[in-house]
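Novice: Chain residues, written in single-letter form:
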Amino acid sequence: MKITVLVKQVPDTATQIQIKSDHLGIVEDGVKVVLSPYDEFAVEEALRLKEKIGDCEVTALTVGPSQTAEMLRSCMAMGADRAVRIWDKSLEKIDPYVTALLLAKKLESAKPDLLWCGRQAVDDDMGYVGGVVAEKLGLPFVAQVTRFEYLVDKKAVKVVRQIEGGEETLEVLLPCALSAQKGLNEPRYPSLTGMMKAKKKEIEEVNAIELLPNAAEEARTTVIDLSPPPQRPPGKMLQGTPEEMVKELIHELRGRKVL
Amino acid sequence: MILVLAEKRDGKFPRVTQELLSEAIRAKRGLNVPVAALVPGKAVEEADAELLGSWGAEKILNAVNPAVERYHPESHKQMLIEIIRTQKPALILMAGTTYGRELASVVSGSLGIAYANDCIELQIQNGKVVATRPVYAGKARAKIEARTSPFMATFRPNMCKVEENLAKQKAAVDKISVTISEDKRVSVLGVQASGDLLANLADARIIVSGGRGLQGPENFPMLAELAKSMGAALGASRMVVDAGWIEHKHQVGQTGRTVTPDLYIACGISGAIQHLAGMSSAKCIVAINKDPEAPIFKVADYGIVGDLFEIIPILTREMRTVVGG
Chain A
36 MKITVLVKQV
46 PDTATQIQIK
56 SDHLGIVEDG
66 VKVVLSPYDE
76 FAVEEALRLK
86 EKIGDCEVTA
96 LTVGPSQTAE
106 MLRSCMAMGA
116 DRAVRIWDKS
126 LEKIDPYVTA
136 LLLAKKLESA
146 KPDLLWCGRQ
156 AVDDDMGYVG
166 GVVAEKLGLP
176 FVAQVTRFEY
186 LVDKKAVKVV
196 RQIEGGEETL
206 EVLLPCALSA
216 QKGLNEPRYP
226 SLTGMMKAKK
236 KEIEEVNAIE
246 LLPNAAEEAR
256 TTVIDLSPPP
266 QRPPGKMLQG
276 TPEEMVKELI
286 HELRGRKVL
Chain B
216 MILVLAEKRD
226 GKFPRVTQEL
236 LSEAIRAKRG
246 LNVPVAALVP
256 GKAVEEADAE
266 LLGSWGAEKI
276 LNAVNPAVER
286 YHPESHKQML
296 IEIIRTQKPA
306 LILMAGTTYG
316 RELASVVSGS
326 LGIAYANDCI
336 ELQIQNGKVV
346 ATRPVYAGKA
356 RAKIEARTSP
366 FMATFRPNMC
376 KVEENLAKQK
386 AAVDKISVTI
396 SEDKRVSVLG
406 VQASGDLLAN
416 LADARIIVSG
426 GRGLQGPENF
436 PMLAELAKSM
446 GAALGASRMV
456 VDAGWIEHKH
466 QVGQTGRTVT
476 PDLYIACGIS
486 GAIQHLAGMS
496 SAKCIVAINK
506 DPEAPIFKVA
516 DYGIVGDLFE
526 IIPILTREMR
536 TVVGG
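Going down the list, the sequences are from chains A and B. Letter by letter, the first sequence follows residues 36 to 294 of the working numbering. Letter by letter, the second sequence follows residues 216 to 540 of the working numbering.
Because the hints were derived from the structure by calculation, they are not lab data. Positions of the beta carbon are idealized from the N, C-alpha and C atoms, including for glycine. One should not assume that every hint holds.
To be verified - Computed, partial: chain B to chain A, Cβ under 7 Å:
| no. | residue |
| --- | --- |
| 1 | 332 |
| 2 | 446 |
| 3 | 489 |
When you get a sec, could you build the whole thing from the sequences and use the hints?
Specialist: Set out below in structure tokens:
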């Protein structure tokens, strides 16, 4: 079986975001970057299936500049067999639709049986690219999976996903695409031998413009401004005994009509 | 037209439908096209036409077809693609639920439509749609301009202001047929309603949330009592979810849910940046913590420095008398 995991490198969730003076991007210098946490669940789930069924190749695929090679190495250190990076320096401000087109183009010939991605990358929080790639490849897509089971006899997967107010169970024939939600698994740390092996492995590099010559024209949206969220007005520290503070709090909340 | 996907949940239209229609009315001022609600599945009733009309829908497109009575990824996709192709809306608005986000990504991808998810505001500038949405889990806000038309957007529940005092109009119902071919690749085996109102963070108007200050999983029931006393959902910080004190569906923050309730009560949560990102656009924030230096107080409208185990029971008792829960 061929499994491809779509991955993205993002700032660590513990980092402060500093916006550049042009209000179009963030300051990247000195920011710790990681494999997006939901993508990490996706990689882990792919590796677990490989360990279970054996005959299986797991590929990590990204669109990103050379710095993202580090993240691909961590995917391989976790156990991914191969890694592919698509990029062209003209793509500095890449639109998510273009990212999806590039990924889909690359996968057209590779034809994975199972496509995994995270529910969203924790930078732009779009939760979009996986669904678009699935659609371009003609694969059914199920988002936000928290439990996964491979049904070998049926050549299908059984998945459970979170929905508002409950859970939903679906059975989907392979090939298909899934996005991983937290709760799916506990990702492993790369082992030392894994890291050593990953260092020696080659990352396949694909030029984005050769893949999709009109990439720039395919953009559907433009980020025209990036700003910090509005400052909250200074709060009020309540004083007195617990009884007094609670009474005052309730009085204030009712005054603001939030109770 | 501006098309709002309006689907009933548990037999009635959720509040987010009204919020989306309000957003549609505001967008209409710039786009000058009518507002239509797309209701898939069963035939709409008189009362539905009155309700959606009073929320601002001029027209209801009623796609009557048993295949879309409840959500099915492939059937809904086929329906929405066909309707966008035939009705040519300028703007398509949907709720940012699991289903809504999934559907929006595949439909916008399939048709190559400009899309932004989890929007909090739309503006029409020179006929172009500009969407504002939180990024980095709320650590920043991005304005996204559409380069092509139509534009599709999902909105986070409880985020858009509802338009009050609209004229009591009844929406005209236009029954349309859609062709849906059954896609056997995806079968929905079942839905297990959790029946757990405490876990429904997405729609909650009030969230009571707990962190490390609770000292252990055995103390979450105390917080659940407070939540129940005020009809709130129960949230939690990443640290306590990762420690296994409570399930992930309760997690608020960057790897959990980003929430915008009217009222957020943070109990024993210090306020790590991932958590603040996920809740700091709540309309009103209360923080209860024993450490007066905790970062959570920087975003709180009301702060109480004190012992949770003393304050929460008093607060629960008082809430019961006030809210009558």
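Novice: Each hint: holds or not?
Specialist: Right, here's what the structure says about each hint:
1. 332: For residue 332(B), the interface hint holds, since the closest Cβ of chain A sits about 6 Å away, which is under 7 Å.
2. 446: Violated, about 10 Å.
3. 489: Nearest chain A Cβ about 5 Å off; hint holds.
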